[in-house]
Amino acid sequence: MEQGTSLSFSANAARAQADADLQSALDKLQRDTRTGRPAIIARLPEFEALRDRAVAIKDHTLENLDHYLEKFEANVIDAGGHTHWCEDAAAARETVLEICRAADAKIVGKGKSMVSEEIALNDFLIANGLEVVETDLGEYILQLREETPSHIVMPAIHLKKEQIAETFRDHHTMLAPDRPLNEPREMTKEARVRLREKFLAADVGITGANMLIAETGSVVVVTNEGNGDLTQTLPRIHIVIATIEKVVPRIDDALSILRILARSATGQEITSYTTFATGPRRTGDPDGPEEFHLVLLDNGRTKLLDGAFRDVLRCIRCGACQSACPVYGAVGGHAYGGVYGGPIGAVLTPALDGIENAWTLPEASSFCGSCEDVCPMRIPLPGLMRLWREIAHAGKLNKARARRGLAIWAFAARRPWLYRTGARIAIRVLHTLARRRGHIRSMPLAGGWTAARDLPAPEGGRFIDQWHRKHGA
Amino acid sequence: MTDAPFVGLFATCLVDLYRPTVGFATARLLEAAGCRIEVPRSQICCGQPAYNAGDRENAAAIARQTVAAFEKYDYVVAPSGSCAGMLRHHYPELLAADANYSARANAVAEKSWELIAFLTDVVRWTDFDARWPGTVTYHDACSGLRELGVKDQPRNLLARIDGLELRELEAPDVCCGFGGTFCMKYPEVSAAMVDKKAADIVATGAATLLSGDLGCLMNIAGRLSRRGETVEARHVAEILAGMTDVPAIGGTRR
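Protein chains in written order, with the numbering used here: chain A, 1 to 473; chain B, 1001 to 1254.
These aren't lab readings, by the way, just hints derived from the structure by calculation.
For glycine and all other residues, C-beta sits at the position ideal for the given N, C-alpha and C.
One thing to keep in mind: the hints can contain errors.
[As the list claims (entries may be wrong)] Straight-line distance between alpha carbons at most 16 Å, and here's what the computed EDC-like set of lysine to aspartate or glutamate pairs gives:
| hint | chain 1 | residue 1 | chain 2 | residue 2 |
| --- | --- | --- | --- | --- |
| 1 | A | Lys28 | B | Glu1170 |
| 2 | B | Lys1151 | B | Glu1170 |
| 3 | B | Lys1151 | A | Asp373 |
| 4 | A | Lys161 | A | Glu118 |
| 5 | B | Lys1111 | B | Glu1071 |
| 6 | A | Lys161 | A | Asp27 |
| 7 | A | Lys396 | A | Glu356 |
| 8 | A | Lys161 | A | Asp123 |
| 9 | A | Lys160 | A | Glu186 |
| 10 | A | Lys470 | B | Glu1038 |
| 11 | A | Lys396 | B | Glu1057 |
| 12 | A | Lys71 | A | Glu215 |
[Said to hold, decoys possible] Just the calculated beta-carbon pair ranges, DEER-fashion:
| hint | chain 1 | residue 1 | chain 2 | residue 2 | range |
| --- | --- | --- | --- | --- | --- |
| 13 | A | Lys160 | B | Glu1229 | 23 to 33 Å |
| 14 | A | Glu63 | B | Ser1102 | 25 to 35 Å |
| 15 | B | Asp1127 | A | Asn64 | 32 to 42 Å |
My request is simple: use the sequences and hints to build the entire structure.
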């Protein structure tokens, strides 16, 4: 599917709205979200208290980020691992490639990682001669289809199972063409067989990190498929790429956050696999990588840390805001044009790609507040979107017509005498246009509204005028 | 009567322009609940169109007008969770850096209420007796629900109306797609959202849709009407005040 840029959000959205398969997949996501999350949270009375605790943990960590990062690094090195600090995407890509080359690697197995999407790692490694295989089922499907994830934790949520079966038949041509592929179980089994070969053959395993634990130098990875474990334990080299805000002080803190992560992400109490990895294989260990590398990436985080957007660094990438967002539910994640769709994308993408390349995204919200409501880390997403709108407005990035309309309205609204006159005229005009119908079916300057809705006509006369006529002063 | 709460009625710009009936219904309800009310002439709008467009300067100028118009009252009451939420939660932040207005904005914020929450939670209005035979469904407008916690209050009052049957939506708390200027910036996305809402409403079989915010109601009524549905849309205050003689929102004059 053609993805489009963030600036072409309107056109992307129109394409998404015309895609019947996507719409039925999104409807299903929304139905499941409406029942799944509330049910699982109702069974955990201390959920709100856990949210508060998680927020406090992250706020404290961000306040002392340098301290905890240094501590984390020291413990990684103590455990026999290597750290690599990278300021931007290019540096991180080069670093990963160097590690692969030094190990004379040919095949790279990859766990699911949004940061690797952020730095477009796969394309880079492939262009440099490596074979890269995504091992998360959803990501594997997307790799075959040459698509990007449309949701943080359910990357292939935009696809129906029939589309996935078709993809497997197209790519797994070594298998009998008439094999049954109607059930998710059959597809999973087929993918598992294909992926097993790669797990065993991979020289390097690359994973992301759900959290980094400062007091132990451990990396936490959660999955439901166990692919994360195989990716990090079987190959000779394990590379973790993580952005710097992933660190938490202690194991206890990580456990607190884990309790809200899966519940928010998928409506599970906990994921099937939760893996804590600390350093490479030690003497006497039956398995584990020979080398353990941590690529610690900034990619704009330090800048966010210093400014008004700091709260977004609390994000634990659960995707709850995406699943709950009615705009995301109408257009899907690809319409946002960036790595992250939905409310979190509307806040993060302008930071990563520049507001001039993404001012359309913070505008793509009705400010209904569902995202902030479900965000386990209580990130004020609508407030941060509004902040981006302020920056876009000040930089005159948004549409001139919208700015002009607002300016005219505001000019009048600041001058009550002018507003009153204008309002009286507007009411009369609308009233006349509606005639006896009570609504207007089509109106210049309000074509966006009247394309899909009638415009209710005013009853006639301002309330305030009528009130004061009746009640004197 | 000196103990009667002195309430400044903030009509909101949409009610002022589009549906004076909601203003009169609000006044009737407040008076029935024992309040003394005034409707300050100098009120215009809460400033949300500017605030949500990122135009802080104009939003703050409009907010200062509203603060000045309403600070003398014991309470400010609006028949809208969206506008009441703006006064209550956003004015303090918007005017925080304004030495002349910061404290005044905080004071206004503390006494600003959405109409239905005010009736049930502040003046604890119990002395009412209404009858309205018919089936209704209720849309939870986003700001009232999430910024002000208005959820049970309208349902509790509606439950006391003789003859009224409330049929809940499958997704009463999902946004209708209005979102102020959002519906003008991304009309097709907004249309998809309001169409889902309309389908949910029609599926209840209720004859009337009620809600507490005129923006949502105009959006939903407009979509219902375009779909050719017969469901009527009204502000919940109209039903509570027994002012249902006027045509429904966007409806035909009888």
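So, going through the hints one by one against the coordinates:
no.	hint	result
1	Lys28(A) <-> Glu1170(B)	holds (14 Å)
2	Lys1151(B) <-> Glu1170(B)	holds (15 Å)
3	Lys1151(B) <-> Asp373(A)	holds (15 Å)
4	Lys161(A) <-> Glu118(A)	violated (27 Å)
5	Lys1111(B) <-> Glu1071(B)	holds (9 Å)
6	Lys161(A) <-> Asp27(A)	holds (14 Å)
7	Lys396(A) <-> Glu356(A)	holds (10 Å)
8	Lys161(A) <-> Asp123(A)	violated (26 Å)
9	Lys160(A) <-> Glu186(A)	holds (15 Å)
10	Lys470(A) <-> Glu1038(B)	holds (12 Å)
11	Lys396(A) <-> Glu1057(B)	holds (14 Å)
12	Lys71(A) <-> Glu215(A)	holds (7 Å)
13	Lys160(A) <-> Glu1229(B): 23 to 33 Å	holds (30 Å)
14	Glu63(A) <-> Ser1102(B): 25 to 35 Å	holds (26 Å)
15	Asp1127(B) <-> Asn64(A): 32 to 42 Å	violated (57 Å)
Comparing the model with each numbered hint stated earlier shows that hints 4, 8, 15 do not hold.
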